[in-house]
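K.L.:
Sequence:
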Amino acid sequence: MPVMEPRARAGKNVGKETFNAKEVRALLYGFGDVQDPLPETVRVLDEIVTEFLEGVCFEASRHAQVAGRQKLKFDDFEFALRRNPQYLGKVKSMIEKRQTIKEMRRTFDQEDDALAKEHGKDGGRAAANGEDELLGLDEADEDLELNIDTSSKGTGGRKRKRAAK
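Position one of the sequence shown corresponds to residue 1 (my numbering), numbered consecutively onward.
Some hints could be false.
Below, a list of computed lysine to any residue pairs in the SDA-like style, where the Cα atoms sit at most 20 Å apart [stated by the list, open to error]:
no., residue 1, residue 2
1, K92, E103
2, K97, A114
3, K16, L28
4, K16, P37
5, K71, S61
6, K97, D113
7, K92, V44
8, K73, L27
9, K92, D46
10, K92, L115
11, K71, E40
12, K22, E40
13, K22, Q35
14, K102, A60
15, K90, C57
16, K71, P85
17, K102, Q86
18, K22, T50
19, K90, T50
20, K22, D36
21, K90, K22
22, K71, V91
23, K22, T41
24, K92, D109
25, K16, V49
26, K16, V44
27, K71, V56
28, K16, D46
29, K73, E103
30, K92, F108
31, K71, G55
32, K92, E59
33, K73, I95
34, K92, S61
35, K97, P85
36, K90, F74
37, K97, D109
Quick list of simulated restraints, FRET-style, between CB atoms [claimed, not checked]:
no., residue 1, residue 2, range
38, T18, K71, 46 to 54 Å
39, L53, G32, 34 to 42 Å
40, L53, K22, 27 to 35 Å
These aren't lab readings, by the way, just hints derived from the structure by calculation.
Glycine included, each C-beta is placed from N, C-alpha and C at the ideal position.
With the sequences and hints as input, model every part of the structure.
P.N.:
Put into structure tokens, the structure is as follows:
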């Protein structure tokens, strides 16, 4: 598929709304416009934002194409926004936050794996001990049994009864 210049593509979407009009109205109101802006204002802002995003994406895709890639990376957007320090700062901040979240997820997954290995290496015995720990039982209370109360008046809770010695 040939890559079209952004200005050539902009004509295709003129008059069509890309974003939800209700969300654009809320955005305008949040930045100081009246609560119910004119439909023309919403349409024009939609076109401006759409055209801006198309231009940035086109520039990023051109950078990826020159680099010999078909998929876009954050670096491509960083390159596309290099002339505007405010946008570039936002993108870099977003990249850093994304990397931090990725590292935190990796650490969290590693901790989960370590816990699973720790509790899983003793087999069924570890599971039984873990269950006893949760119930507050120790080796001295091994003669306790758990019976489920199935009477219709009860709440279905568990009752501990001592086994006969």
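K.L.:
All hints are to be evaluated individually against the structure, with a verdict given for each.
P.N.:
Hints, one by one, checked against the model:
no.	hint	result
1	K92 to E103	holds, 16 Å
2	K97 to A114	violated, 26 Å
3	K16 to L28	holds, 19 Å
4	K16 to P37	holds, 18 Å
5	K71 to S61	holds, 8 Å
6	K97 to D113	violated, 24 Å
7	K92 to V44	violated, 29 Å
8	K73 to L27	violated, 28 Å
9	K92 to D46	violated, 25 Å
10	K92 to L115	violated, 35 Å
11	K71 to E40	violated, 36 Å
12	K22 to E40	holds, 13 Å
13	K22 to Q35	holds, 11 Å
14	K102 to A60	violated, 23 Å
15	K90 to C57	holds, 16 Å
16	K71 to P85	violated, 24 Å
17	K102 to Q86	violated, 24 Å
18	K22 to T50	holds, 16 Å
19	K90 to T50	holds, 19 Å
20	K22 to D36	holds, 10 Å
21	K90 to K22	violated, 25 Å
22	K71 to V91	holds, 18 Å
23	K22 to T41	holds, 12 Å
24	K92 to D109	violated, 26 Å
25	K16 to V49	holds, 13 Å
26	K16 to V44	holds, 11 Å
27	K71 to V56	holds, 15 Å
28	K16 to D46	holds, 9 Å
29	K73 to E103	holds, 18 Å
30	K92 to F108	violated, 24 Å
31	K71 to G55	holds, 17 Å
32	K92 to E59	holds, 17 Å
33	K73 to I95	holds, 11 Å
34	K92 to S61	holds, 18 Å
35	K97 to P85	holds, 18 Å
36	K90 to F74	holds, 12 Å
37	K97 to D109	holds, 18 Å
38	T18 to K71: 46 to 54 Å	violated, 23 Å
39	L53 to G32: 34 to 42 Å	violated, 23 Å
40	L53 to K22: 27 to 35 Å	violated, 19 Å
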